[in-house]
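Q: Protein sequences appear in the order of chains G, U and E.
The numbering of the first sequence is the working numbering, which starts it at 1 and goes up by one.
The numbering of the second sequence is the working numbering, which starts it at 1 and goes up by one.
The numbering of the third sequence is the working numbering, which starts it at 1 and goes up by one.
Where hints are given, some of them may not hold.
What the hints assert, rightly or not - Below, computed lysine-lysine pairings styled on PhoX-like, alpha-carbon distance capped at 25 Å: (1) G/Lys33 x E/Lys29; (2) G/Lys196 x U/Lys182; (3) G/Lys158 x G/Lys61; (4) G/Lys215 x G/Lys167.
These are calculated hints, taken from the structure and not from any lab test.
These numbers come from a predicted model, not from an experiment.
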Amino acid sequence: MDEKIGIRKIVVPGEEILENGKPGKGVFVENGKLYSSYLGILETRAGYVNVVPLSGCYIPKKGDKVIGKVIDVAPVNWVVDIRAPYYAPLHVNDVPWHVDFGYTARYLSIGDVILAKVSNVNELGQVWITLKEQGLRKLEGGHLIEISPSKVPRVIGKGGSMIQMLKDYTGCRIYVGQNGIIWVSGPPEGIVTVIKAIRMIENEAHTYGLTDRIKAFLEEERGEGNGNEE
Amino acid sequence: MSNSKFTAGVISEMEKNYIHRLASKGTRIDGRKFDEIRPLKITKGYVERAEGSALVELGNTKVLVGIKIEPGAPFPDTPNSGILATNAELAPLASPTFEPGPPGEEAVELARVVDRGIREGHAIDLEKLVIEEGENVWVVFVDIHVLDYDGNLFDASGYGALAALANAMVPASKHELGDDFKLPVQHYPVPVTFGKIGDWMVADPNLDEESIASARLTVTTNEEGHINAMQKGLSGTFTYEEVQKVINMSMDIGRKVREIILGDSDGKED
Amino acid sequence: MGMKSDIKLIDDNGLRIDGRLPNQLRPIKMKVGVLQRADGSAYIEWGGNRIMAAVYGPREAYPKHVQEPDKAIVRARYSMAAFSVDERKRPGPDRRSIELGKVISEALESVIFVEKYPRTSIDVYIEVLQADAGTRVAGITVAALALADAGIPMRDLIVGCAAGKVDGVVVLDLNKEEDNYGEADVPMAILPRTKEIALLQMDGDMTYEELKAAMDMTFEATQSIHKMQIEALKRKYMEVE
Numbered sequence: 001m002d003e004k005i006g007i008r009k010i011v012v013p014g015e016e017i018l019e020n021g022k023p024g025k026g027v028f029v030e031n032g033k034l035y036s037s038y039l040g041i042l043e044t045r046a047g048y049v050n051v052v053p054l055s056g057c058y059i060p061k062k063g064d065k066v067i068g069k070v071i072d073v074a075p076v077n078w079v080v081d082i083r084a085p086y087y088a089p090l091h092v093n094d095v096p097w098h099v100d101f102g103y104t105a106r107y108l109s110i111g112d113v114i115l116a117k118v119s120n121v122n123e124l125g126q127v128w129i130t131l132k133e134q135g136l137r138k139l140e141g142g143h144l145i146e147i148s149p150s151k152v153p154r155v156i157g158k159g160g161s162m163i164q165m166l167k168d169y170t171g172c173r174i175y176v177g178q179n180g181i182i183w184v185s186g187p188p189e190g191i192v193t194v195i196k197a198i199r200m201i202e203n204e205a206h207t208y209g210l211t212d213r214i215k216a217f218l219e220e221e222r223g224e225g226n227g228n229e230e
Numbered sequence: 001m002s003n004s005k006f007t008a009g010v011i012s013e014m015e016k017n018y019i020h021r022l023a024s025k026g027t028r029i030d031g032r033k034f035d036e037i038r039p040l041k042i043t044k045g046y047v048e049r050a051e052g053s054a055l056v057e058l059g060n061t062k063v064l065v066g067i068k069i070e071p072g073a074p075f076p077d078t079p080n081s082g083i084l085a086t087n088a089e090l091a092p093l094a095s096p097t098f099e100p101g102p103p104g105e106e107a108v109e110l111a112r113v114v115d116r117g118i119r120e121g122h123a124i125d126l127e128k129l130v131i132e133e134g135e136n137v138w139v140v141f142v143d144i145h146v147l148d149y150d151g152n153l154f155d156a157s158g159y160g161a162l163a164a165l166a167n168a169m170v171p172a173s174k175h176e177l178g179d180d181f182k183l184p185v186q187h188y189p190v191p192v193t194f195g196k197i198g199d200w201m202v203a204d205p206n207l208d209e210e211s212i213a214s215a216r217l218t219v220t221t222n223e224e225g226h227i228n229a230m231q232k233g234l235s236g237t238f239t240y241e242e243v244q245k246v247i248n249m250s251m252d253i254g255r256k257v258r259e260i261i262l263g264d265s266d267g268k269e270d
Numbered sequence: 001m002g003m004k005s006d007i008k009l010i011d012d013n014g015l016r017i018d019g020r021l022p023n024q025l026r027p028i029k030m031k032v033g034v035l036q037r038a039d040g041s042a043y044i045e046w047g048g049n050r051i052m053a054a055v056y057g058p059r060e061a062y063p064k065h066v067q068e069p070d071k072a073i074v075r076a077r078y079s080m081a082a083f084s085v086d087e088r089k090r091p092g093p094d095r096r097s098i099e100l101g102k103v104i105s106e107a108l109e110s111v112i113f114v115e116k117y118p119r120t121s122i123d124v125y126i127e128v129l130q131a132d133a134g135t136r137v138a139g140i141t142v143a144a145l146a147l148a149d150a151g152i153p154m155r156d157l158i159v160g161c162a163a164g165k166v167d168g169v170v171v172l173d174l175n176k177e178e179d180n181y182g183e184a185d186v187p188m189a190i191l192p193r194t195k196e197i198a199l200l201q202m203d204g205d206m207t208y209e210e211l212k213a214a215m216d217m218t219f220e221a222t223q224s225i226h227k228m229q230i231e232a233l234k235r236k237y238m239e240v241e
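Just chain G, with the same shape it has in the complex (with noise of 0.2 Å):
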């Protein structure tokens, strides 16, 4: 219970590592020495030291889930914002509707926001994503919301269970894209709250009992709305 106002160990570029264990990601080794890459939270797991970045863009991984919007159209594909350094193509063949050539714009359009799923990267940084599996299609209705994709599992929870609580306190659906984009759609209301414990959760991801804290705000919340959630 007391250890509540700590804060977890923050590092710098270029800063030695003096914890053991083997190097993880986002650390490097020097002559036998282990430095950090990022400005980041230190974390050591299954006996590996990590360095998880505080801010950053998002690096897609095949198999991620992700929420982006289209900001071309062509022929035979839709070019696709994943607020990763690249932009990704979602090809005709990938999505679940037959697309004649030229048609694309009847499925999609510019604006238009989805959740897709990473199918492959190559080592040019080139990502493909896909729409063909159940669950994937286009977001309508609702709002966005942009984090850093480093906080995305703060943001979900051990076992989803900040995000649990998240609905069950707002009655708002909320899906979190791996790319740290989110989208909540339900009563403004709710909206409004979600928005306020995500800024939450991500201004103190690197400090514990955050789980107390966002619940806390959330009761309060409530108080004040009077059966805000539906």
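Given the coordinates of chain G, work out where chains U and E should sit on it, guided by the hints.
A: For chains U and E alone, coordinates are given in the frame of chain G:
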């Protein structure tokens, strides 16, 4: 609060609908009322090397305005008047959509709208800036430097220009032209911009609102309640009634903003 | 450098025109995360310098022909506000700004793991809001903070600092008068962990011994500036609630 990094450029139907839905409930994406501007903070004298300066923070929009004053030749048609020159830089650090390079049409429009407010509102008594009639006058350069772009640059820049002019000194001694003196500022023409979202008029639109607004209207009014400049923008239209409503609201907001500009927030940030 | 003047830059007690000792830095203040739109940002006050830096990227490099297939390109742009100097500066890049942008880009690239982001650009914008000598080294120092804030992976936090010679004395961190009327200026950028030199320029007139003394002085000073950088980065996350 804004999602602007991801939404820069293409605005989705989803975001548009959300803002409209909020408007129909009488509120806005950041919880403001329709006629409410974002928190405004003005730090005068931010850059000591300039003859006058002010950092304006209007919500997340940040603009730094610096004034330089130098002697120069008057324009042939106005031999007994000082010169006002306004320039705006949309520095690429302020937004992913700003490109390095010479000022584009947006920067030029911004500079001209701010200039028009100051000039037509006779903010500066230019006739007091003559050193030698027809030969030598003070040239007042207003340089607008946009640092963080979250919408409504017209107002943030206009407030910055007024605040910077209000604390500017004419550097006469440096040029051996007598003692330094306060730049003669006689009026405070304050711009207020509204965006039209659906059928609603919202004051001081932030970037998300600005991106989906169909039309925009800036009205500059002075402390006497006179109108000094207007600029309508974007492809949408206003009804005559809407324009009248915007003018009246601009005067009300302008009064409050003028008090903040005239406030003694001198000295740089903590 | 080298403008003639009767100003005495070092007094009889060996103190400088602003009261500093030869190896003393001007006051420095740093703040991380000052801009909302940028992917990373920072602000520095160093003596009379006021400089803001913003980072965008890694993002797909444009135009396409500048892309490198195996790494990110680092593009730093150094620019001075019109009102940052005594005589109003005409807006837009001059030859000096272009040169500084180039050497700063190269210095920053030396610490960034560019191979992680093929075909992208990492854009660094350094805006000098008020200039007071040493803007390029202050600019590099604040750019390092903005890069870290943007989540760019790096093998070190690069630090800039200058030393030079005024009135025949080797001094650290020249101010404006010393820069104008002094005899030499040696701006450097150092990787504090490995002591590598990533930027080195010099102009003026120095003996080999003087140059060595100036470089040693800079090396020592960069260690303390580096500590301020670390503190500024961590402070952003300490101020919760």
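Q: Run every hint past the structure and note whether it holds.
A: Here is how each hint holds up against the structure:
1. Restraint check for G/Lys33 and E/Lys29: not satisfied, since their Cα atoms lie roughly 31 Å apart, outside the 25 Å limit.
2. Proximity of G/Lys196 to U/Lys182 is assessed by CA-CA distance (about 46 Å); at most 25 Å being required, the pair is judged violated.
3. Distance restraint check for G/Lys158 and G/Lys61: the Cα-Cα separation of roughly 21 Å lies within the 25 Å cut-off, and the hinted pair is therefore satisfied.
4. A C-alpha spacing of about 12 Å is found between G/Lys215 and G/Lys167, which places the hinted pair at or below 25 Å, so the restraint holds.
The structure fails to meet hints 1, 2 from the earlier list, while all remaining hints are met.
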